[in-house]
Structure formats: C-alpha cells, structure tokens
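Participant: Below are the chains, spelled out letter by letter.
2 protein chains.
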Amino acid sequence: MADETHDTLTPTARTTLKRQPGKGSYDRKLIYSILDEALISHIGFIDDGVPFVLPTNHVRIGDRLCFHSAIAARRRVCLLGGSPACVTVTLVDGLVLARSALHHSMNFRSVVILGQVSEVTDTQEKTRILEALVDHVVPGRSGEVRSPSVKEARATAVLSIPINEASAKVRTGPPNEEERDYALPVWAGVIPTALTAGTPVPDPKLAPGIDPPAYVTHYQRPSPSSTSQS
Amino acid sequence: MADETHDTLTPTARTTLKRQPGKGSYDRKLIYSILDEALISHIGFIDDGVPFVLPTNHVRIGDRLCFHSAIAARRRVCLLGGSPACVTVTLVDGLVLARSALHHSMNFRSVVILGQVSEVTDTQEKTRILEALVDHVVPGRSGEVRSPSVKEARATAVLSIPINEASAKVRTGPPNEEERDYALPVWAGVIPTALTAGTPVPDPKLAPGIDPPAYVTHYQRPSPSSTSQS
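Residue numbers (our numbering), protein chains in the order written: chain Z, 112 to 341; chain S, 112 to 341.
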C-alpha cells in the first residue's frame, strides 16, 4: 500500500466510496495530479471531540503530503497529540446546468487522504520542504528568494501525512437527466470553471526597475498531464 | 448569539482565533458575503473516531447554511447521529510573493462554522431549499427548470447548520517582510486569483435553437458588495 512503485492504492473500508462508486479512483497518478494542481487543502482533526476543518497550503513530496504550521497552532498540537487526520483537496472544474433542479451538479476532482500526521524535525529537511511549499505555488521561485534561516526553520513546524490511504473522486461531462426532461426547452450544459490569475499587483515597496517575471505575468496552475509521479 | 438582528457574532472559546487574531472577524455581513460567494464548502464530521472532510454544495438561507445529501450517505448518518460538525469555506484571492521563502503567503477569505446539523423534513421546505441550492450557483435558474417532484424531494436529504458559532479569517495586501529583505532584487507583490468561467459547453443532447442565456455566457460569482443580509 505504501510502495510508490504501485500505481494503484489499495482501498480500505474507510476510503471505499459507497456512494457513486463509479466516480471513485485509487489511481496514484490521478491522485497526485489533483494534489499538485490544487493551491490549498482542507485538513480535518479532532480537538476535544469536535472536528475542525482548516484551510492550508500543501506540497506533495514523493508519496507524502507536507504542510507548515505555527508551533503553537491548534492543528499541530492535536495532530501530533494523536488525532487522526483527514486531508481533502477539491478542484471545481465546472457548473453542470440541467433541465431539472435536482440534476444540477458540479464537475470536480477531489482527493481524500486519511492517516496520522508526523512532524519533520530535521532542520535541513524542514528547510527543503519549506522551499518546496513555495515552489508548489510558483515552480522555481525558491531559488530566487532568500532561503529560510536556521532560526526561521526552527520556529516553523513542518508536518506530513503519507499518501497511502487515499481516494480520488471525479465528475466530468454533461448533466445526467431523467429521460423525459431532455425535451424541456431550457439551455443545459456545462460552464467550465478554473482558478485563474489576474493582473499582478506589485508590492508598494518594490524597488524601481524590477519587472515582473513571466511566471507572474502568465501565471497558471499545472495541468493534469504535466504532473509527474515524483 | 442566534439573533440575526445582531451584526456581530459572539466569539466562543472554540471560534476565538488564537493565531493571528488581527485577521479574525465575527462580522455577520462579512461571514455571509464569503458563504454567498463560495461555490463549495468542506464539511467535517466524526465517524468512529476519525474526522472526515468532504466537499459539498451549500446555500445560505437567512442565518443557517443548508446542504443536500443522499439519504444513506455517511455524512448524514454521522451528523444526525450526534457528531458535531465543522463547515469551512475558503476563497483564494491571491498569491503573495515575498522576497524571502518564509514570507510567501496567500490572500484569502475563509469562514469556519461549528455546531450541530439538523435535518429538514417538511417536503415543501425541502423543495424550497433544493431550489435555493440551484439559485446559489445560478441566481434565478430554479424558476426556469423543472422543480423537484415530491418523490425526488423525499428521496433527498436536506441538512442545515445554524450560523451562530462562526468566525471569518481574511488576509489581504502585499507581503510582510523582514525589514532587511526589502532591498533584495526580486519581484514581490500579489498575483490576484479568482474562480472564473470559461466558454460554455452545451449538452450534446441540447435541442437545436436553444441559445445559452446571458447568465451562462457571462457567468460570474457575486462580489462581496452585492451580498445582502437575508
């Protein structure tokens, strides 16, 4: 299950999709492509019997997903204190407009990862992961900016969860209607959606003469086909 | 706390932001504007000691947030079986590029709602909420499509959570750097991001002569200023 040479994860009772199993997948490459495209994930943990769901940045490194956290953050205290974790990533790909209210839907790609989070304590490894978190958003950016100092790396927690017990769920395509509804005289189809970049806003404190690089003026997320396994 | 005539929610121990309290808000109008703009939320619940985080569609109706669910879905069984709920909504507004790796950030608006979910059982009320779920995505659309039949409404669960114990968190603006880093010769600033609509894809089964309406060809999410309280 944990061996990255396997292309498909083994479903468990907890990751087996009971509803709409046709949309489910345990394909490692698909799961990785969703994790690599998404800018944020939502991490769930339990604190005193209450589930908390908080947005966070992530980066996939091989077969684990990594995060940073404040040392004193509730999420770190709970997750390292033994709370199981659930990390969910969702990309909204389109609005599915049907001829009947109930068959409206969304096209999406999502991943759910279950497991235990552990902390990365080696300062050099932490520094590499903190730089990878930057490169997840803007590939190569970490090579152009000041690296984390040892002090900064020590003051920041880095957490990771193995991508072993995980599943993807994907919906694509047009609406699925009741046969009788296809005759209704209303537009039906899909409005594609994507997170897109607007015109960059330079820092008011930017020194004169520094033009935005192409990765700023032409920013875009990686497409599924550009994702590699590693 | 539950009275909608109050403009500010009362923080509880669970919704008080311990980290970066300056980004926190309990302003009802701000919280509502984020819920109304977001297409999806992530709902957290506990099943057998494990937190699950699942994406879902939502609509705000007054001072509660509503969802639909399959009758047999794990989320419904757990939430109605007593699991506390956490509903989190996150809008990614921009990528904050700093001159140092560690000060990279994101501009975002998020809401966390804690509470207990209850089920709507009245068929007429369920039908209204199912139509409101469609109108949340495309305002007015429910008036143009076939309404849920009584059979459809009965076969679908509708859940809601009161928006009482909730908080927003917002980051805006340029990077916050260490003073010494401002002199580094690297571009810094914000790449704004937004979920945008692409070219509509008609259903292959669309009858000839039905043109896409303006809400399809010019689709956009509501902006914060267009959100009302009700």
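By construction, these hints were calculated from the structure, which means they are not laboratory data. Hints are supplied without guarantee of correctness; some may be wrong.
The list treats identical chains as interchangeable, and a pair is accepted whether it falls inside one copy or across any two copies.
[What the hints assert, rightly or not] Here are the simulated lysine to any residue pairs, SDA-like style, with alpha carbons at most 25 Å apart:
| # | residue 1 | residue 2 |
| --- | --- | --- |
| 1 | 129 | 291 |
| 2 | 134 | 151 |
| 3 | 134 | 266 |
| 4 | 134 | 292 |
| 5 | 316 | 334 |
| 6 | 316 | 297 |
| 7 | 316 | 133 |
| 8 | 134 | 182 |
| 9 | 134 | 150 |
| 10 | 129 | 195 |
Participant: Confirm or reject each hint.
Facilitator: How the hints compare with the structure:
In this assembly of identical chains, the alpha carbons of residue 129 and residue 291 never lie at most 25 Å apart, being 28 Å within a copy and 55 Å across copies at closest. In the homo-oligomer, the alpha carbons of residue 134 and residue 151 lie at most 25 Å apart both inside one protomer (22 Å) and across protomers (18 Å), since each shortest distance falls under that limit. In this assembly of identical chains, residue 134 and residue 266 lie within 25 Å of each other by CA distance solely across copies; the values are 21 Å between and 42 Å within a copy. Taking the shortest alpha-carbon separations for residue 134 and residue 292, only the intra-copy value of 23 Å comes in at or below 25 Å, while the best inter-copy value is 48 Å.
In this homomeric assembly, residue 316 and residue 334 never come within 25 Å of each other (Cα to Cα): the closest approach is 33 Å inside a single copy and 28 Å across copies. Proximity of residue 316 and residue 297 under a CA criterion of 25 Å is satisfied inter-copy only: 12 Å between copies versus 52 Å inside one chain copy. Within a single copy, residue 316 and residue 133 get their C-alpha atoms only as close as 52 Å, which misses the 25 Å cut-off; across copies the closest is 22 Å, which meets it. Proximity of residue 134 to residue 182 under the C-alpha cut-off of 25 Å is restricted to the inter-copy arrangement: shortest distance 18 Å between copies versus 38 Å within a copy.
Proximity of residue 134 to residue 150 under the C-alpha cut-off of 25 Å is found in both arrangements, the shortest distances being 22 Å within a copy and 20 Å between copies. Proximity of residue 129 and residue 195 under a CA criterion of 25 Å is satisfied in both settings, with 21 Å inside one chain copy and 22 Å between copies.
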